[in-house]
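Asker: With the hints as extra help, turn the sequences into a complete structure.
Protein chains: 2
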Amino acid sequence: MCKKQGKFTYITENRPSFIGYGSVVGKKEHDGPIGKEFDEYNEDIRFGTKSYEMAESKLQELALKHALSRANIKPDNIDLIFAGDLLNQCIGSTFGLIDYNIPLSCIYGACSTMGLGLGLSSLMIDNGVLNISAVVTSSHFCSAERQYRFPLEYGNQRTPTSQWTTTAAGASILKCDSGKPYISAVTFGKVCDLGVKDANNMGAAMAPAAYSTIKAFFDDTGTGIDDYDLIFTGDLGKTGSELLYELFSKDNIDIRFKHSDCGLMMFNIKNQDVHSGGSGCGCSASILNSYIMNRMLDGTFKNILFVPTGALLSPTSSMQGKSIPSIAHLVNIRKD
Amino acid sequence: MCKKQGKFTYITENRPSFIGYGSVVGKKEHDGPIGKEFDEYNEDIRFGTKSYEMAESKLQELALKHALSRANIKPDNIDLIFAGDLLNQCIGSTFGLIDYNIPLSCIYGACSTMGLGLGLSSLMIDNGVLNISAVVTSSHFCSAERQYRFPLEYGNQRTPTSQWTTTAAGASILKCDSGKPYISAVTFGKVCDLGVKDANNMGAAMAPAAYSTIKAFFDDTGTGIDDYDLIFTGDLGKTGSELLYELFSKDNIDIRFKHSDCGLMMFNIKNQDVHSGGSGCGCSASILNSYIMNRMLDGTFKNILFVPTGALLSPTSSMQGKSIPSIAHLVNIRKD
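Protein sequence lines correspond, in order, to chains A and B. In terms of our numbering, the first sequence opens at residue -2 and continues consecutively. In terms of our numbering, the second sequence opens at residue -2 and continues consecutively.
For the record, the hints were derived by calculation from the structure and aren't laboratory data. Note that this is a predicted model, so its numbers are computed, not measured. Check before you lean on any hint, since a few could be wrong.
Which copy? The list can't say, so a pair holds if one copy fits it or any two copies do.
In the PhoX-like style, the derived pairs of lysine-lysine whose C-alpha atoms are separated by at most 20 Å in a straight line are [stated by the list, open to error]:
#: 1; residue 1: Lys71; residue 2: Lys319
#: 2; residue 1: Lys71; residue 2: Lys1
#: 3; residue 1: Lys299; residue 2: Lys332
#: 4; residue 1: Lys319; residue 2: Lys62
#: 5; residue 1: Lys299; residue 2: Lys255
#: 6; residue 1: Lys47; residue 2: Lys194
#: 7; residue 1: Lys4; residue 2: Lys71
Answerer: Take a look at the structure:
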């Protein structure tokens, strides 16, 4: 049974472990610095479907296929899937996972969705509600651009602080096990809003959420940056990462050399024209379920914090002049 | 600790109970047959805010306020809120609940969202992950019309099978307790898709999901309609309810006299111009957290099934010619 420690953190007891993981990306992501880590990519941005939205559904379907294959289980062994994406009404998830015929809980936390799903899933497994659970999230550059910003055909200019929505999906399958990477602690985030209104600078809106959740976790557990190999956020990008360093520096903590942002890992920001870095529910999800898992299994990392952040705006709220509330959920992943 | 029974059903052990509940509706809902059951209504469709979307956020804020007051607890006693709505990126929830400063998990299941939230929340409480949890969902006629269909100013005709999105929010607060109505079992739904493509006939799309989840629950528990006082679906409306009777009649089961649909309870469909009935995440949520709770506390109902159904379409998927996948989540609520 997990135990609550401090105000916001849950410590697991029975090793909810990654028994399977999978990742699928687009060509641009495959061309990036960690492109070879992913299970599959496709030169066709539509992934053989008729629309960008259906391509995003395909990404989810394929990511879960790879995770099932690694876990060596069948779909009907999974008790419940937590899935989410950036599309209105989560259609990336509902259409993408329908053929697996597994009970489905859609969740929403923008780019933090993988963290939210892993948190819910691991605690429900740790305390015996579920035996096996899956978490799947995705994003697609083209479906996100036309939903949040402009049709691609318009060819709009992007600001220096803007981020590039990653075409990717990641899937994790969790079960209590031993010998595999496992989730040892979870901190669910609260909504932060410091009044940032620029929808092209989401890193700035999300940095306070990352700071707030990481600080709550440190306070609750009495640990600090020196206790972890690395803190992965996703996706603050260049602008948001620098703001995160500034926020921690006020507490006299320098996290710069213990921090990687998935938005900055996905692309080479110098020559891939992504400005401040990658973003999207699929960015940190695909990196966790490829590069990070691979490095935990080969012993490079033994104890990390995975802290995806989400900007909870919609085009409607932005047009109505509202600020961008943000949230970050944290999972502590270990491998003995 | 809850136990899984059969393939899809979880039986609780520690009485995750409704220690608080609240409901807020618009004027049209207040004028309906059960209008006096709700905690609060407002003549102003904008609830004192500048937009329909912010009005929906206000509905969530107020519903939770009433639930907190009945539970006689403070916001920071709540470990985690599950919240959802119909608006893109769940902005009804994120903006509505921000000031409570409680860890937030947004969930999405269209009109089934309250069932999904109660399922997750009750099982996490039953197995000791959470001590106190809240579930809040909402919908608003005006914000839904302009997002899913047409701007109100357009004055479009509505088809006879269409449903009227309810302006309402409901909030439940759960904790293990005794003497109060409690969730004794949960069945999470799978996505059903029988190929219905008419976005103005969501009852038809959702009826198979309701049938599938109720049947799974009956199969798993070895119970039948005679074991329950009433089965509440939400929101099949008139068209969907009749299709549900037809589906059960093929199994030689007549559920007609043991069934109420929240979409049909909310309005007088003969004179309130709502065609096939009400709908929306707030419809069944507000009825559960008013009429149904009140009738459980006064002894009218002792054992009911609450089975909200969701149509998982988006305007984008409909425009791309896709069908309407649907889902239904079931909670069995008892009062000794």
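Asker: Evaluate each hint against the coordinates.
Answerer: Consistency of the hints with the structure:
1. Taking identical chains as interchangeable, the C-alpha atoms of Lys71 and Lys319 are never at most 20 Å apart, the minima being 45 Å within one chain and 27 Å between chains.
2. Taking the shortest Cα distances, Lys71 and Lys1 sit within 20 Å of each other only across copies (19 Å), while inside one copy they are farther apart (33 Å).
3. Taking the shortest alpha-carbon separations for Lys299 and Lys332, only the intra-copy value of 5 Å comes in at or below 20 Å, while the best inter-copy value is 48 Å.
4. For the homomeric pair Lys319 and Lys62, neither the shortest alpha-carbon distance inside one copy (39 Å) nor that between copies (23 Å) is at most 20 Å.
5. When the C-alpha separation of Lys299 and Lys255 is checked against a cutoff of 20 Å, the pair qualifies only within one copy, where the shortest distance is 14 Å, while the shortest distance between copies is 56 Å.
6. For a Cα distance limit of 20 Å, the shortest separation of Lys47 from Lys194 across copies, 18 Å, qualifies, whereas the shortest one inside one copy, 35 Å, does not.
7. Taking CA atoms no more than 20 Å apart as the test, Lys4 paired with Lys71 passes between copies only; the shortest distance there is 14 Å, against 38 Å inside one copy.
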